[in-house]
Amino acid sequence: MFYGELFDAFGDLLVGCCKKYAVCWIILAVTAVGLTLGLVFGLKDKTEEPRRMGAVASNGEGCAEVGGTMLDIGGSAADAAIATMLCEGVMLPHSLGVGGGFVATIYSKEMGHKETLIARETAPAAATQDMFVGREITGALACAIPSEIYGYSKLHAKYGRLPWKTLFQPTIDLCRHGIVVSKYLARVLLRDEEYIRGEPSMAEIFINPKTDELYKAGEIMYRHALAETLEIIANEGADVIYGGGRVGRKLVEDIQAMGGIITEEDLQKYDVRWEIPLHARFGPYELVTSPLPTSGAVLTFILNVMEPLYTTNTDKYWQRLIETFKHAYGHRTNLGDYHFEPEVQEIYENLIDPAFAADIRKLILDNRTFDNMSYYGANFANEEDHGTAHISVLAPNGDAISVTSTINNHFGAKVRSRQTGFILNDQMDDFSTPGTVNSYGIPASPANFIKPGKRPMSSTCPSIFLDNNGDVKMIVGSAGGSRITTSVAQTILRYFVLNEPIEKAVNSGRLHHQLAPNHIDVETAVPRHTVAYLRGIGHDIKYLDEDKAYTAQTAIGVRSGDPHPVCDRRRVGSAVVVEPDRLD
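In terms of our numbering, the sequence shown has 570 at position 570, counting the first letter as 1, and numbering is strictly consecutive.
Keep in mind the hints are simulated off the structure, nothing from the lab.
Each hint should be verified, as a subset may be incorrect.
What the hints assert, rightly or not - Below, simulated BS3-like cross-link-like pairs (lysine-lysine); rule was C-alpha separation at most 25 angstroms, straight line:
{"no.": "1", "residue 1": "K183", "residue 2": "K210"}
{"no.": "2", "residue 1": "K454", "residue 2": "K269"}
{"no.": "3", "residue 1": "K158", "residue 2": "K269"}
{"no.": "4", "residue 1": "K269", "residue 2": "K250"}
{"no.": "5", "residue 1": "K158", "residue 2": "K473"}
{"no.": "6", "residue 1": "K183", "residue 2": "K504"}
{"no.": "7", "residue 1": "K216", "residue 2": "K183"}
{"no.": "8", "residue 1": "K504", "residue 2": "K542"}
{"no.": "9", "residue 1": "K216", "residue 2": "K158"}
{"no.": "10", "residue 1": "K154", "residue 2": "K250"}
{"no.": "11", "residue 1": "K316", "residue 2": "K504"}
{"no.": "12", "residue 1": "K362", "residue 2": "K316"}
{"no.": "13", "residue 1": "K269", "residue 2": "K451"}
{"no.": "14", "residue 1": "K473", "residue 2": "K504"}
{"no.": "15", "residue 1": "K158", "residue 2": "K316"}
{"no.": "16", "residue 1": "K269", "residue 2": "K154"}
{"no.": "17", "residue 1": "K454", "residue 2": "K154"}
{"no.": "18", "residue 1": "K362", "residue 2": "K114"}
{"no.": "19", "residue 1": "K158", "residue 2": "K114"}
Take these sequences, add in the hints, and give me the full structure.
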């Protein structure tokens, strides 16, 4: 762990990965100012809980400190998660934000209750199956119904303890008083410079008016329009968007002016889904993860196949894991939103069935791989998904939330609602388009075709592991698009099977295979002898520039009762541990 100096503001938070960066000090300062409003009033009655430590891990620099403060002042895991995601939306505007959506896996220790909140975007009512045939999926037309704020409101109504406004104030203050541009964000801005300069609504916030250049690391950026919108939402609630309010009207005006098809009625009819999460056994632990249309079943399949395949021969172990990935992504091509495609339920049930995993193990060889996609169960092509950010929260009372949020591709649709400040998602790009085939001749999956109200398939798999006493042992999830599921699986296997410390499990070199394209993505930290072994079997190898690997996890491991939050070295984030006893 990387613990820094004790801070005086709101309970001396232990600062994690981002302690070296000035952004942490700024966020803590504006948090201290903003939280003086509303904290005395509106707190729900709270009962005494066992004195345990809490923790927050975030992809955004300084954002875990915001969530940690919420826990420190008596907030719930849900409060901390919402405040952290709001912060991440301005610290990582290319990955997530209020113009997107999220999925949360939730655990309440006292009640033993587990559920998943699906607050992903849906296709608008005017969407059609063939609307992108022969055309690029970009701009406002690519925007599905933004659902982030509505999801926050439902999560807070059910699990929140602090006043709604309290959760927004740190991010409102950041937007007004200045956001320190991180090295990571500066690199992303430079990579997308052509898009940003070509779109006035984006250039307005990402080009420094003093230099006429993209903001550089360490410079201060402002989001005034977003601050105004967030303040309205904080004061008046989500109905200002989803209940016919003025923010919703402005958002729709901007979307339609840029060629989108979302209407006020779409916003008013949007709803989240509360789902029973997927449960599975992994050794002595219970895995709680997200159901369709996310990839929790794909993660479960990988773990079920690999659990008995451990060997001290690391080269063979990696070969078995790569082949498992190929089978997992082959069967993933048949999945979709089961509320619209009921036939996918059988495939889903297979993927979480240990007997099916046993059958697949018989197809995995230590000395051979196959080019035939059908060998791995692929009838259709996988759609790439991208972007995202992940937050892991453990509250001192033992509750936990694992949340993955996204606007899909970098900067989503690459357009912004100027009246509201929302950067729009391009989630329609995650659906499949009829009549297309990939480079291997595999057609697009009908189970993932566009339908009004439908949610596209996602690689996200926010997960929580519990022991037999109901105590949290691990919270994990990842940013990184199609690589999310394989990276999360590797961290879980390293932590529980190889018994590695959570820091090593998260930060070790990774491999990825998603069947198509038919090659292994390899990080440079993977041992050369392993790469040589895999190449000798017949795998095509592609080394990843780790600056472009994108996959970045946040996790909390709990051993001997102590939480250890970790942010991935691949993207400088933040992590804090909260000890409520400090306030006594």
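Here is what the structure says about each hint:
1. K183 x K210: Given that 25 angstroms is the threshold and the Cα spacing comes to 19 angstroms, the pair holds.
2. K454 x K269: holds, 13 angstroms
3. K158 x K269: holds, 20 angstroms
4. K269 x K250: Satisfied, since the Cα-Cα distance of roughly 17 angstroms is no more than 25 angstroms.
5. K158 x K473: holds, 24 angstroms
6. K183 x K504: holds, 23 angstroms
7. K216 x K183: holds, 8 angstroms
8. K504 x K542: Roughly 23 angstroms separates the two Cα atoms, so the pair holds.
9. K216 x K158: Violated, at about 40 angstroms.
10. K154 x K250: holds, 22 angstroms
11. K316 x K504: Between K316 and K504 the Cα gap is close to 21 angstroms, so the pair holds against 25 angstroms.
12. K362 x K316: The given pair, whose Cα atoms are some 15 angstroms apart, holds under the 25 angstroms limit.
13. K269 x K451: Holds, at about 15 angstroms.
14. K473 x K504: Answer holds: K473 to K504 is near 16 angstroms, not above 25 angstroms.
15. K158 x K316: Given that 25 angstroms is the threshold and the Cα spacing comes to 47 angstroms, the pair is violated.
16. K269 x K154: holds, 15 angstroms
17. K454 x K154: holds, 19 angstroms
18. K362 x K114: violated, 34 angstroms
19. K158 x K114: holds, 13 angstroms
Checked against the numbered hints above, the structure violates hints 9, 15, 18; every other hint is satisfied.
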